[in-house]
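Enquirer: Assemble the whole structure, with the sequences as input and the hints as a guide.
Letter by letter, the chains look like this.
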Amino acid sequence: MVCESWKSKLDMYIDGEVPEEEMRTFDAHVRGCHSCSADALVLVQMKRAIHVAGKRYTPSAEFRKRMQQKIAAKPRRSFGLAWTLAAAAAVILVVGTLTSAYLGTRSGRDQVFSEIADLHVATLASSSPVDVISTDRHTVKPWFQGKIPFAFNLPELQNSGFTLLGGRMTYLDQTPGAHLIYDAGKHHISVFIFREQSLPASLDKDPVSPKQLTFNMETWTQAGLRYFVIGDASATNVDNLAKLFKAAS
Amino acid sequence: MPHFERLYNFACWLTHDRQEAEDLVQETYAKALKGFSSFQLGTNFRAWIYKILRNTFLTSRTGLKATAPVPLDLEGEEEALPAVKETPESILLRRSDDQLVRQALEQLPVAYREILLLCEVEEMSYQEISATLAIPMGTVMSRLSRARKALRGGLQEQFAKG
Numbered sequence: 001m002v003c004e005s006w007k008s009k010l011d012m013y014i015d016g017e018v019p020e021e022e023m024r025t026f027d028a029h030v031r032g033c034h035s036c037s038a039d040a041l042v043l044v045q046m047k048r049a050i051h052v053a054g055k056r057y058t059p060s061a062e063f064r065k066r067m068q069q070k071i072a073a074k075p076r077r078s079f080g081l082a083w084t085l086a087a088a089a090a091v092i093l094v095v096g097t098l099t100s101a102y103l104g105t106r107s108g109r110d111q112v113f114s115e116i117a118d119l120h121v122a123t124l125a126s127s128s129p130v131d132v133i134s135t136d137r138h139t140v141k142p143w144f145q146g147k148i149p150f151a152f153n154l155p156e157l158q159n160s161g162f163t164l165l166g167g168r169m170t171y172l173d174q175t176p177g178a179h180l181i182y183d184a185g186k187h188h189i190s191v192f193i194f195r196e197q198s199l200p201a202s203l204d205k206d207p208v209s210p211k212q213l214t215f216n217m218e219t220w221t222q223a224g225l226r227y228f229v230i231g232d233a234s235a236t237n238v239d240n241l242a243k244l245f246k247a248a249s
Numbered sequence: 250m251p252h253f254e255r256l257y258n259f260a261c262w263l264t265h266d267r268q269e270a271e272d273l274v275q276e277t278y279a280k281a282l283k284g285f286s287s288f289q290l291g292t293n294f295r296a297w298i299y300k301i302l303r304n305t306f307l308t309s310r311t312g313l314k315a316t317a318p319v320p321l322d323l324e325g326e327e328e329a330l331p332a333v334k335e336t337p338e339s340i341l342l343r344r345s346d347d348q349l350v351r352q353a354l355e356q357l358p359v360a361y362r363e364i365l366l367l368c369e370v371e372e373m374s375y376q377e378i379s380a381t382l383a384i385p386m387g388t389v390m391s392r393l394s395r396a397r398k399a400l401r402g403g404l405q406e407q408f409a410k411g
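Those protein sequences? They're chains V and S, same order as listed. Residue 1 is where the first sequence starts when you use this note's numbering, and the numbers rise one by one after that. Residue 250 is where the second sequence starts when you use this note's numbering, and the numbers rise one by one after that.
Hints were generated in silico from the structure; no laboratory data involved. Computed from a prediction, not measured in an experiment: that's the story for all the values here. Check each hint, because a few of them may be wrong.
[Claimed, not checked] SDA-like mimics (lysine to any residue), calculated; alpha carbons at most 25 Å apart, straight line:
1. V/Lys-9 x V/Arg-31
2. S/Lys-300 x V/Arg-31
3. V/Lys-9 x S/Leu-357
Expert: Okay, here's the thing in structure tokens:
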């Protein structure tokens, strides 16, 4: 029986790494070949056993708390270093329980800003930041139809220095909204749009302080929609993009 | 949260010591925080942070000790698989004896242990493993195959011991 060529790929087969078109042929062979099916069975059993046995260690509550405290302390100390702050926010997100413990002591307004910052960083850290990838606003805007309960306008960007990268649906306080990502030089700026009525009313009372936020951010209400523009780009860039949105709405 | 818990689990498997694992995870986050600018948007964040943890481990005292050059026979030509019908390890695995599998895993060289954990526990694709371990895809495949064989060998030994 000439099985050597199949056997050499058995690991790939059970790991699902064989190209799709080859998979069907492989399946047919394994079903009909006693030797290969027995080998595949052992490999699958071993895979399962390692999967179970490998999940062995859990961090202690004390260590988790210590880490949360360390990370929570970073943003305040390192004001001015945008990337460090972005990283701090990213790690805060990764070490998720911090968020709930930390936010519990803050006002609703700060919670919203913090969540916006988290959404921004988490999205940029993702391997697929946008669900609709297009630089064309006429492609991105219609993509949201039927996904969010409102419509909005996207600005014309010609000669503005900004490039639309795409968009995705997002949620803030269980409210669906639009998240758009723009390129500004080497920086990325997020624009979030939600229905105003779904969010805390006091968002405009106190101007947003970058010192508290760690990012540059602008927020305003227009035509019943709440806009947030946030990023580690310069305040001027964030402001310019905000102005383009204000003019388009 | 998943990354934190899983990084800690991975760190424990690498170091075999909870205190060292805590230091390793702590250092990993500190480095990630410091070097976030080196993270390329659109690349894999998980592979990036695991790579930091692994590199930190490799340069630690325990890591240097544990990863003394891999003997040539580990990376050498593949041995022929024994004819498989009912093997000792398949019986062991069917019995789901976690303890024996853990012991066999612990006794593997770090290079084999880490690749098995990344593939089976972290469920990383070959591409992610390649990025995390900074090795070519071909090496991922061959090392994974040898790691599995080594684990089977270890399980057979455990079985022989009774």
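Enquirer: Taking the numbered hints from earlier one at a time, note which ones the structure violates and give those numbers from smallest to largest.
Expert: Number 2 - this is the single hint that the structure violates.
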